[in-house]
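S.K.: Residues per chain, in single letters:
There are 2 protein chains.
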Amino acid sequence: MTVLPEPVSNLIQAFERLPGIGPKTASRLAFFLLRAPEELSQNLANALLTLKSGTGMCPVCFNITIAHQEICDICANTHRDQSSLCIVEEPLDVLMIEQTGGFNGRYHVLHGVLSPIEGIGPEDLKMAPLIERVKKENIREIIVATNPSMEGDATALYIRQQVIHYGVRVTRLARGLPVGGDLEYADQNTILRALAGRQEIS
Amino acid sequence: MTVLPEPVSNLIQAFERLPGIGPKTASRLAFFLLRAPEELSQNLANALLTLKSGTGMCPVCFNITIAHQEICDICANTHRDQSSLCIVEEPLDVLMIEQTGGFNGRYHVLHGVLSPIEGIGPEDLKMAPLIERVKKENIREIIVATNPSMEGDATALYIRQQVIHYGVRVTRLARGLPVGGDLEYADQNTILRALAGRQEIS
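Chains as they are written, first to last, in the numbering used here: chain U, 2 to 203; chain Z, 2 to 203.
Looking at chain U on its own, in the form it has when it is part of the complex:
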């Protein structure tokens, strides 16, 4: 790689450390920015530099907030259903669910899932604050929206065990065929789940 000037190879290496960006994409991005107006690189650099300093974590739901904000906009919103709590793995999941407009309660971000293989236990997640919330807040339903994976299922089960004696309804997002999907390409597990969760046509 002696043909590459150091500033270019540095940028390629920095891009390669991002998920889903391999050497080819990293090179393409770097050479694109070389051609593009300098403003583009500068905007991205500035956004990167203010990312951590400009953000914080909501002390109630552990979602990402603007730095120095007391609690996040969702937790502060009294128009939202205070009795319903949606549990997600990551802050990005909050965004994904909010964009659907299908949920009007509040969230709790675990910042991970239980994973014995990776040595991640409840103490590594925001699990204790969740139990505290269930004790103190008047929560009626917990929707566990962890990913439909082994770890997501185990985490859902653990949460159910921890909160069930507080008289809270614990639900899990439905599993089945994705909308627009094709039965032909679905895996056996998904089809089994879709069968088990079949619904009356109304």
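Everything labelled a hint here was simulated from the structure, so no lab data went into it.
Watch out, some of these pointers could steer you wrong.
Which copy is meant is left open, because identical chains are indistinguishable; a pair holds if it fits in one copy or across any two.
As the list claims (entries may be wrong) - List time: in silico DMTMM-like cross-link candidates among lysine to aspartate or glutamate, alpha-carbon distance up to 25 Å:
hint: 1; residue 1: Lys53; residue 2: Glu71
hint: 2; residue 1: Lys127; residue 2: Asp94
hint: 3; residue 1: Lys137; residue 2: Glu40
hint: 4; residue 1: Lys53; residue 2: Glu40
hint: 5; residue 1: Lys136; residue 2: Asp82
hint: 6; residue 1: Lys53; residue 2: Glu39
hint: 7; residue 1: Lys53; residue 2: Glu17
hint: 8; residue 1: Lys25; residue 2: Glu124
hint: 9; residue 1: Lys127; residue 2: Asp188
hint: 10; residue 1: Lys25; residue 2: Asp94
hint: 11; residue 1: Lys127; residue 2: Glu39
hint: 12; residue 1: Lys25; residue 2: Glu152
hint: 13; residue 1: Lys136; residue 2: Asp74
hint: 14; residue 1: Lys25; residue 2: Asp183
hint: 15; residue 1: Lys136; residue 2: Glu185
hint: 16; residue 1: Lys136; residue 2: Asp154
hint: 17; residue 1: Lys127; residue 2: Asp154
hint: 18; residue 1: Lys25; residue 2: Asp188
hint: 19; residue 1: Lys137; residue 2: Glu39
hint: 20; residue 1: Lys127; residue 2: Glu152
hint: 21; residue 1: Lys25; residue 2: Glu40
Keeping the supplied structure of chain U fixed, place chain Z upon it in accordance with the hints.
M.R.: Chain Z only, in chain U's frame:
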């Protein structure tokens, strides 16, 4: 998108301006960097900020060089074949060819291709300096390595017309089936080219 703190949405927007990065990937990258050590964002930001100031253009071949360097390492290397010139569209193409180790001559970067539709003529490319090089340097072969597209072909033809009366051999990279490719998935034009360019088994 009211749920997203401004520093996060700014970063998502900056990522979205890069080629091949859509809203989903941009979000994923931003949320990955939120979780990752701050050093990762800072490295990327620094690399972006020094990209333009740290690089320049070789006055001979117009490849990317380190800033304030007289001519690039390839042009300065007297061990390389001075009689063979490879013409490419972009600096990234130099890297791609260098990585193969299959070419030991020098390069000339056009910084684009002729494209009447987009209004790009020879004067918008590093075409005049190329003709100058052919006049002054003792070049015997020009390998036109523009992309195998309509514009790439037109550019190759134009270069041939311009330099042919200097007694220079002008060649074009072979077209055919990509190595590891499958005849079943090849398009008709590629198969036609592969037929026309068939080689004796030796």
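S.K.: Next, verify each hint and record whether it holds.
M.R.: Cross-check of the supplied hints:
Taking the closest pair of Cα atoms, Lys53 and Glu71 come within 25 Å of each other only inside a single copy of the chain (17 Å); across copies the shortest separation is 40 Å, beyond that limit. In this homomeric assembly, Lys127 and Asp94 come within 25 Å of each other (Cα to Cα) only inside a single copy, at 15 Å, whereas the closest approach across copies is 48 Å. Proximity of Lys137 to Glu40 under the C-alpha cut-off of 25 Å is found in neither arrangement, the shortest distances being 49 Å within a copy and 38 Å between copies. For the homomeric pair Lys53 and Glu40, the shortest alpha-carbon distances inside one copy (21 Å) and between copies (10 Å) are both at most 25 Å.
In this assembly of identical chains, the alpha carbons of Lys136 and Asp82 lie at most 25 Å apart only when taken from the same copy (17 Å versus 78 Å across copies). In the homo-oligomer, the alpha carbons of Lys53 and Glu39 lie at most 25 Å apart both inside one protomer (23 Å) and across protomers (7 Å), since each shortest distance falls under that limit. Taking the closest pair of Cα atoms, Lys53 and Glu17 come within 25 Å of each other both inside a single copy (20 Å) and across two copies (19 Å). Taking the shortest Cα distances, Lys25 and Glu124 never come within 25 Å of each other, neither inside one copy (39 Å) nor across copies (30 Å).
With identical chains, the CA atoms of Lys127 and Asp188 are never at most 25 Å apart, being 32 Å at best within one copy and 54 Å at best between copies. For the identical chains of this complex, Lys25 and Asp94 are inter-copy neighbours only, at 12 Å across copies versus 29 Å inside a copy, given an alpha-carbon limit of 25 Å. In this assembly of identical chains, the alpha carbons of Lys127 and Glu39 lie at most 25 Å apart only when taken from different copies (21 Å versus 41 Å within one copy). For the identical chains of this complex, Lys25 and Glu152 are inter-copy neighbours only, at 23 Å across copies versus 32 Å inside a copy, given an alpha-carbon limit of 25 Å.
In this assembly of identical chains, Lys136 and Asp74 lie within 25 Å of each other by CA distance solely inside one copy; the values are 22 Å within and 68 Å between copies. Taking the closest pair of Cα atoms, Lys25 and Asp183 come within 25 Å of each other only across two copies (22 Å); inside a single copy the shortest separation is 32 Å, beyond that limit. Taking CA atoms no more than 25 Å apart as the test, Lys136 paired with Glu185 passes in neither setting, with 46 Å inside one copy and 63 Å between copies. Taking the closest pair of Cα atoms, Lys136 and Asp154 come within 25 Å of each other only inside a single copy of the chain (23 Å); across copies the shortest separation is 72 Å, beyond that limit.
For a Cα distance limit of 25 Å, the shortest separation of Lys127 from Asp154 inside one copy, 17 Å, qualifies, whereas the shortest one across copies, 60 Å, does not. For the identical chains of this complex, Lys25 and Asp188 are inter-copy neighbours only, at 24 Å across copies versus 31 Å inside a copy, given an alpha-carbon limit of 25 Å. Proximity of Lys137 and Glu39 under a CA criterion of 25 Å is satisfied in neither setting, with 52 Å inside one chain copy and 35 Å between copies. In this homomeric assembly, Lys127 and Glu152 come within 25 Å of each other (Cα to Cα) only inside a single copy, at 15 Å, whereas the closest approach across copies is 57 Å.
Taking the shortest alpha-carbon separations for Lys25 and Glu40, both the intra-copy value of 23 Å and the inter-copy value of 23 Å come in at or below 25 Å.
In summary, the structure is inconsistent with hints 3, 8, 9, 15 and 19 from the numbered list given earlier, while agreeing with the others.
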